[in-house]
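These protein sequence lines map, in sequence, to chains V and H. Its first residue numbered 1101, the first sequence is counted upward by one per residue in this note's numbering. Its first residue numbered 1101, the second sequence is counted upward by one per residue in this note's numbering.
Think of the hints as simulated: they come from the structure by calculation, not from any bench. Think of the CB as a built atom: it goes at the ideal place given N, C-alpha and C, for glycine as much as any other residue. Hints may contain errors.
Claimed, not checked - Computed far set for chain H versus chain V, every beta-carbon distance over 10 Å: (1) G1149; (2) G1237; (3) A1270; (4) E1274; (5) N1311; (6) H1381; (7) G1383.
Said to hold, decoys possible - Heads up, simulated SDA-like pairs for lysine to any residue below, C-alpha to C-alpha not over 25 Å straight-line: (8) V/K1106 to V/K1249; (9) H/K1178 to V/T1194; (10) V/K1178 to H/T1162; (11) V/K1106 to H/M1101; (12) H/K1106 to V/M1101; (13) H/K1226 to H/D1116; (14) H/K1249 to H/V1281; (15) H/K1330 to V/D1138; (16) H/K1178 to V/I1410; (17) V/K1178 to H/G1160; (18) V/K1249 to V/N1120; (19) V/K1106 to H/R1202; (20) V/K1178 to H/L1102; (21) H/K1106 to V/N1105; (22) H/K1226 to H/E1289; (23) H/K1106 to V/E1196; (24) V/K1106 to V/E1274; (25) V/K1330 to H/D1138; (26) H/K1226 to H/A1255; (27) H/K1178 to V/L1102; (28) H/K1330 to H/I1390; (29) H/K1249 to H/I1390; (30) H/K1330 to H/S1362; (31) H/K1178 to V/C1191; (32) H/K1249 to H/K1276.
In case you want the letters, here they are:
Number of protein chains: 2
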Amino acid sequence: MLDLNKPQIIALFDFDTAVNRINDAYIASTQGNVQTGDVVHLAFPEANGDCHVKSGHISGTTSYVIKIASGFYDNPAKGLPSSNGMMLAFCATTGEPLAVLRDEGWLTDMRTAIGGALATRALARKNAKQVLIIGAGIQARFQAICLAKLMPERALAFSIWARDPSAAQAMSAELKGTGHVVETVLDLEAAVSNADIIITTTTATEPLFANGLVRTGTHITAIGADCPGKQELPTDLVTTASLRVCDMARQSLNHGEFQTASRTDAALQVIELGEVLSGAHAGRTSDNDITVVDLTGIAAQDIAITQTIIDAAASTDPT
Amino acid sequence: MLDLNKPQIIALFDFDTAVNRINDAYIASTQGNVQTGDVVHLAFPEANGDCHVKSGHISGTTSYVIKIASGFYDNPAKGLPSSNGMMLAFCATTGEPLAVLRDEGWLTDMRTAIGGALATRALARKNAKQVLIIGAGIQARFQAICLAKLMPERALAFSIWARDPSAAQAMSAELKGTGHVVETVLDLEAAVSNADIIITTTTATEPLFANGLVRTGTHITAIGADCPGKQELPTDLVTTASLRVCDMARQSLNHGEFQTASRTDAALQVIELGEVLSGAHAGRTSDNDITVVDLTGIAAQDIAITQTIIDAAASTDPT
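Isolated chain V, as found in the complex:
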């Protein structure tokens, strides 16, 4: 059985392979070719922590994957990361354990960012260039880096806004240090109005900005909302958008960004990202469309990225 820690996983990781596999995983999910186990939730209120277990199998692939991910939010005060976890892969024809990937949440961060980048590339205007990232945490950094890597020809320019300006400043400095065009912004309303692409990566429970600020032609990818009560975008922006896209409709409408909009408009039309990535749905049809993507995260992404690591390990070690 393969047992890899985070540095070993990162060393084996190949971005382009993961992008292709995750792209295919979204399509498989939309086409009904992914079996997903019920999500397990354990809560540790006394320790300010929780643990989730996601699991599934993509039809025709060699392994099924079980992901264990925890967040213990007092850990940083103890000098520990708040996230922990591992991806476990098992042979889909014998049940034998194939791999324990002790990634400390890195593969989840990466598959989430690749999902966001795939969605943004698929739905933003072809000439979109100005990217506003709201939030300055780990996922904000991953989103910026993956988007720039996925669309190198666009020469994207990033603006970073966060509730804590010093956090935005720190993230900007990091991205500048790796060659990105980036500025910190203090006026969120102006930045929203000037953006071609907006990516939200916060834990907000109410809209980050007012409706009416987003200009026509803008694409928005909302990453933050992942449980009942979370919301980053104005409800009216969602309900009046030209196109609403999500990774999995039942998750998005139940506990993702579209939960409030779907209560406002019971007939709210949403399509799944896999339909756009496969070409079954045209996606954006005009440079004037406002498009909104909500990603809550699906097991198919975990399976896909885990399989890329297992395959890479197998190809470097023929035993």
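Put chain H on the given structure of chain V with help from the hints.
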């Protein structure tokens, strides 16, 4: 992180410690001190396999446990065991991975047998001596061995019956070889009538013997039924027993041995094993009682047995 394979786990295992911890786990479960995650089920019909994930935490203990167990029933034809799995333990205050126990199902087999032995010891007559074991698989062996080990002063005499007499013969020979008093029986009805204790360990979907054969004073522990449609005992034997005991009422009535009886008698009274083990319920009150225990298996057992291995590893390796 501790990473142990099956031989290492068996080397660290201490029977008496596990018995005590599992005893306490049943009591904690009954007293509402165990958090249990929803059971995950993945099915692989093309490979004749499935996978279950159980998880939970006993209040006040240092770790939470996630168990992954698979059965791929074409494996033996490939020279592989049908069961696979592992127990994973994580720190309940930080989420850090503590241990991967690649036990291949051994800890599940052992905790199941210890549960059966604890229930049998608690509820059988004090002078019970003649034990009939129905079934001759792995769990039949574990039940016999654990029961003899838990009640050495009784000098138990075992009778083994199985649909395939040669399987019963092979199991008898094994147990004789390790010093047990054991005989193979061919006449199941006579053996049921002569038993003080009956332990059923089969995958039967209809009663193994007719009602009316069990004599007064007999104790029965039913292990086999673990999903809708399985049943080992006559329904009338269950409904007319002096006492019905299970590990977790909602499981037993939904998919355990008591499922049929509870449909026959909507007011069927059952108590939980933890109530008997804690002394909150008196259990058997007469040598004439017929007592029936149904065990479907609970996450608290998995947590308890896993913690004994982690503790043993920590005490042998102070790093």
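To see whether the hints hold, each was checked on the structure:
The beta carbon of H/G1149 sits about 6 Å from the closest Cβ of chain V, which is not more than 10 Å, so the claim that it is off the interface is violated. A cut-off of 10 Å between C-beta atoms confirms that H/G1237 is not in contact with chain V; the least separation is 18 Å. Chain V leaves H/A1270 outside its interface by the beta-carbon criterion, the shortest separation being 25 Å against a cut-off of 10 Å. In this structure H/E1274 is separated from chain V by more than 10 Å, as the shortest Cβ-Cβ distance comes to about 26 Å.
In this structure H/N1311 is separated from chain V by more than 10 Å, as the shortest Cβ-Cβ distance comes to about 38 Å. For H/H1381, the condition that its CB be more than 10 Å from all CB atoms of chain V holds, with the nearest at approximately 29 Å. For H/G1383, the requirement that its beta carbon stay farther than 10 Å from each beta carbon of chain V is met, with the minimum near 32 Å. Of the supplied pair hints, the one linking V/K1106 and V/K1249 holds, its CA atoms being roughly 21 Å apart against a limit of 25 Å.
In summary, the hint linking H/K1178 to V/T1194 is supported, as the alpha carbons are separated by about 9 Å, within the 25 Å threshold. Restraint check for V/K1178 and H/T1162: the C-alpha separation of about 17 Å stays at or below 25 Å, so the hint holds. Taking the CA atoms of V/K1106 and H/M1101, the gap is near 13 Å; set against the 25 Å cutoff, the hint holds. Only pairs whose Cα atoms come within 25 Å are accepted, and H/K1106 paired with V/M1101 is accepted, the gap being roughly 13 Å.
Between the alpha carbons of H/K1226 and H/D1116 the distance comes to roughly 21 Å, so the proposed pair stays at or under 25 Å and holds. Under the criterion of a C-alpha separation no larger than 25 Å, the hint pairing H/K1249 with H/V1281 is consistent with the structure, at around 13 Å. Taken as a hint, the H/K1330 and V/D1138 pair is honoured in the structure, with Cα atoms around 24 Å apart against an allowance of 25 Å. Taking the CA atoms of H/K1178 and V/I1410, the gap is about 23 Å. The hint holds against a cut of 25 Å.
As the CA atoms of V/K1178 and H/G1160 are separated by approximately 20 Å, the hinted pair is consistent with the 25 Å bound. For the hint pairing V/K1249 with V/N1120, the CA-to-CA distance comes to about 13 Å; that is within 25 Å, so the pair holds. For the suggested pair V/K1106 and H/R1202, the alpha carbons sit about 21 Å apart, so the restraint of at most 25 Å is met. Of the supplied pair hints, the one linking V/K1178 and H/L1102 holds, its CA atoms being roughly 22 Å apart against a limit of 25 Å.
Between H/K1106 and V/N1105 the CA atoms are separated by roughly 22 Å; this keeps the pair inside 25 Å, and the hint holds. Annotation: proposed proximity of H/K1226 to H/E1289 holds, straight-line Cα distance about 24 Å (limit 25 Å). Annotation: proposed proximity of H/K1106 to V/E1196 holds, straight-line Cα distance about 14 Å (limit 25 Å). Distance restraint check for V/K1106 and V/E1274: the Cα-Cα separation of roughly 21 Å lies within the 25 Å cut-off, and the hinted pair is therefore satisfied.
Between V/K1330 and H/D1138 the alpha-carbon distance is near 24 Å, which keeps this suggested pair within the 25 Å criterion. Between H/K1226 and H/A1255 the alpha-carbon distance is near 12 Å, which keeps this suggested pair within the 25 Å criterion. Distance hint between H/K1178 and V/L1102 is fulfilled; the C-alpha atoms sit about 22 Å from each other, no more than 25 Å. Of the pairs offered as hints, the one joining H/K1330 and H/I1390 holds, with about 22 Å between alpha carbons and a cut-off of 25 Å not exceeded.
As the CA atoms of H/K1249 and H/I1390 are separated by approximately 24 Å, the hinted pair is consistent with the 25 Å bound. Proximity of H/K1330 to H/S1362 is assessed by CA-CA distance (about 14 Å); at most 25 Å being required, the pair is judged to hold. Among the hinted pairs, H/K1178 with V/C1191 is consistent with the structure: their alpha-carbon atoms are about 14 Å apart, no more than 25 Å. Under the criterion of a C-alpha separation no larger than 25 Å, the hint pairing H/K1249 with H/K1276 is consistent with the structure, at around 14 Å.
Checked against the numbered hints given earlier, this structure breaks only hint 1.
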